[in-house]
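Undergrad: Can you join these two chains into the complex? Each is in its own frame, and there are hints to help.
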Amino acid sequence: MNYTFNWSVLWSGQSGQWLLQGLITTLQLSALAWVLAVALGILAGALRTVPLAPLRWGATSYVEFFRNVPLLVWMFFWYFGVPPLLPRGAQDWLFSHGLEFWAGTIALGVYHGARMSEVIRSGIGAIPRTQFEASLAMGLTTFQAYRLVILPVALRLIVPPGTNESLNLLKNSSVALTISVAELTFQTRQIETYTAKAIEALTAGTLIYLALCLSIATIMARVERHYAIPGLISRTTAG
Amino acid sequence: MDFSVVASNFTFLIVQGLIGFGPFIGGTLRLAIPAIVLGFALGVFIGLARLARAPWIRLPATIYVELFRGVPLVMVIFWIWFIIPQLLRLPIPEYGVALTAFVIFEAAYFGEIVRAGVQSVARGQVEAATALGLTATKTMAYVVLPQALKNMVPSLVTQTIVLFKDTSLASIIGYVDLTKAAQIVNNREIKPFELYLFIAVVYWICTYSMSTFARRLERRTA
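Protein chains in written order, with this note's numbering: chain A, 1 to 239; chain B, 1 to 222.
Isolated chain B (complex conformation) (with noise of 0.2 Å):
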């Protein structure tokens, strides 16, 4: 065993690949956060259109959240990669076809986190929010929401997490995330135990840090 090229290349594996500054445009984190942040924003609408009363908005959503939770990450990502350029005729980059996919995806999980998290919302709220006279968007948006959320960021954490973790599947079309930044070294180097074990630790030590800090967060907020 031969740690030394690890050493040797870890600039490359760490900021290329990592954070993605470099030659190539990839990097986990340059497609994690935005992918996070979209994800959930677009998880919201779904989420509280899951609850709608007209049903012509919750059967939609409903069979979103169902299609896309039966289905592989693997599979959208193909899906996306092969569709958008039929349907723009141009070509997209990986970049472009990964951030659509994961926010696509995800946002059928984050979904279902804040269905769950509207839903542990006390009936009691709503009412009283009603009775003193709020309309039905300003209840959910001062009242319920604020409420859910801190009931949902255990879940939102985990699916956080996941999120960051499915991001290596970019690799799968090209995209220069760590995971195929250590693909790339590999071909050269051919020490594959090595740079799997130590992108391994990189990957842990990012997402046990995120799942310290929210235990902390929860100390803080329960």
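Bound conformation, chain A alone (with noise of 0.2 Å):
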């Protein structure tokens, strides 16, 4: 192999500064996709469980259709398909204010959203029956037993998955370059476009986003001590 490398092409000229950039787009997208992935997953993952089924059904339609499809083509159905349909005013607005960083958004929380649904709703089945009943029996609403019974049991015991499914939703935000928003992976290609310098270009990437996963699962991990329901779920030694 025959490359001279050259690391200082990472703190000399823009490189550190797009890499900042880079992160900080990275974490925003992110962020936002999360808020709307785990609202529309609680929504999604507490409907397939209801006892009446079109609001099931709807559900479930869903989640199976969104988690099917490759994130990719719903990058390009987001940004490429969906803006014509839209009235012209709301297109306006889209395109100054950034259209592929919210179709980035949108379609990430929406993937994310249908996956992370099957997580919730694996927390809902692992709660016995019965305490959905003794709450209808207390006189409790449905909507009111899924609130405050159901629910907030549902989402301490999903922590652990929870968190794995929010990583990916991180790593996953890396396919948003291909709408060309300037996230983390965008910019570690423009550093390697301008300087030649794939390895050192990619390294520093790969390394931002390993210090970032390893954080959040050890952020994580603490969060789910905290959380976790005595007497409830055996803790495993996850990975």
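Among the hints, a few may not be true.
Cβ-Cβ distance ranges computed for the label pairs, FRET-style [to be verified]: (1) B/Thr-158 <-> A/Phe-143: 29 to 35 Å; (2) B/Val-37 <-> A/Ser-96: 34 to 40 Å; (3) A/Gln-14 <-> B/Leu-59: 36 to 42 Å; (4) A/Arg-222 <-> B/Ile-14: 45 to 51 Å.
For the record, the hints were derived by calculation from the structure and aren't laboratory data.
Note that the coordinates shown come from a computational prediction; the quantities given were computed from them, not determined experimentally.
Beta carbons are placed, not taken as given, at the ideal position from N, Cα and C, and that holds for glycine.
TA: Structure (structure tokens):
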């Protein structure tokens, strides 16, 4: 291999600034998409377990369709396919306010909402049916039973798989580079293009992703211990 | 909305994009099937290496898994795309780059599934096999792995579906799969909504039939 390393490209010129901007965009994109994904996930996950068939079917169709199609296709769909169908005013607003960022957020959030709902559904499924029946017997409505009894317990149960899914969302935010959102992977490519130093640029991007994933996993391990319901789950040594 | 664009380009999208016959070297299936087989084969070795008693085998395997599970697939594709031509001093076609990236990346995930499957086999099985006089290799091959494989089926199918969807990312480096085929048609026809919705449905039919097949398989083996 005939390659001269030149690590200084990472801190000379604009590289450092680009990486920082990319990191910020990745975090913004992931955070917004995460909020959307969790909201959709709780909604769809809960609706898939309610005793009302049309609601269940609606939620099931959303989940089965969106999570079984590649994220990249959704990126293109929301970025190229949907905006031309919107009313003129909405189009103008989007084009002047970073269409690619919002399309990326929606694509990432709706796709991971479908995946998140499976995690939440499994959490709800782990709660004995009698809890729901007891809530109804106490005089709660179905909505109150979910809001006050089922969901609070289910959300505490799903911290470990929820963390895993959140990290998947963070890593998948890199797919947004295909619709030219200037996130971390995009900026890594940009440094490579300007400096022709592929290995240095990719190493920097890779290390930032690893550091992000590791630190989130470490924080969430603490959260998990804090929210674990004593006696309900046996803590396994998850990797 | 005008779905005639789908009808007039149907052959290109399906035969070239999904299957891989035509003027371009491409095809989602032509990439996905070898990637699944080779990724799983490498995954078995990595999963077993993670369970090895010798730290010099276990440690590299653990680092491998943790490294690739902490990095986006897009990043790995770019690594392979830049590194392999530098290493071999010759240009590599997109197909080779994509296949290498998928096998290396997915093997980390398959490895975790294999590890969990092997660990799910009751300890007594190993002890009984040892008591019967089987060597460690034979115990693994004839007693542990067959049982582990049965337990792994649901996760393996999930990961296979994930990999199948992931192959769409090969279009980033110019490999003509279903997604890239839709892009090519869209550049000429400018019908993004219809085209991307159509390939979404095609992907969905493939993944949904895989998961339906898996559910049936599970019921039969359970």
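Undergrad: Taking the hints in turn, state whether each one holds.
TA: Hints versus structure:
As the Cβ distance of B/Thr-158 to A/Phe-143 is approximately 32 Å, the hint placing it in 29 to 35 Å holds. Restraint check, B/Val-37 to A/Ser-96: a C-beta distance of roughly 49 Å breaks the suggested window 34 to 40 Å. A hinted range of 36 to 42 Å holds for the C-beta pair A/Gln-14 and B/Leu-59, which are about 38 Å apart. The supplied range of 45 to 51 Å is met by A/Arg-222 and B/Ile-14, whose beta-carbon atoms lie about 50 Å from each other.
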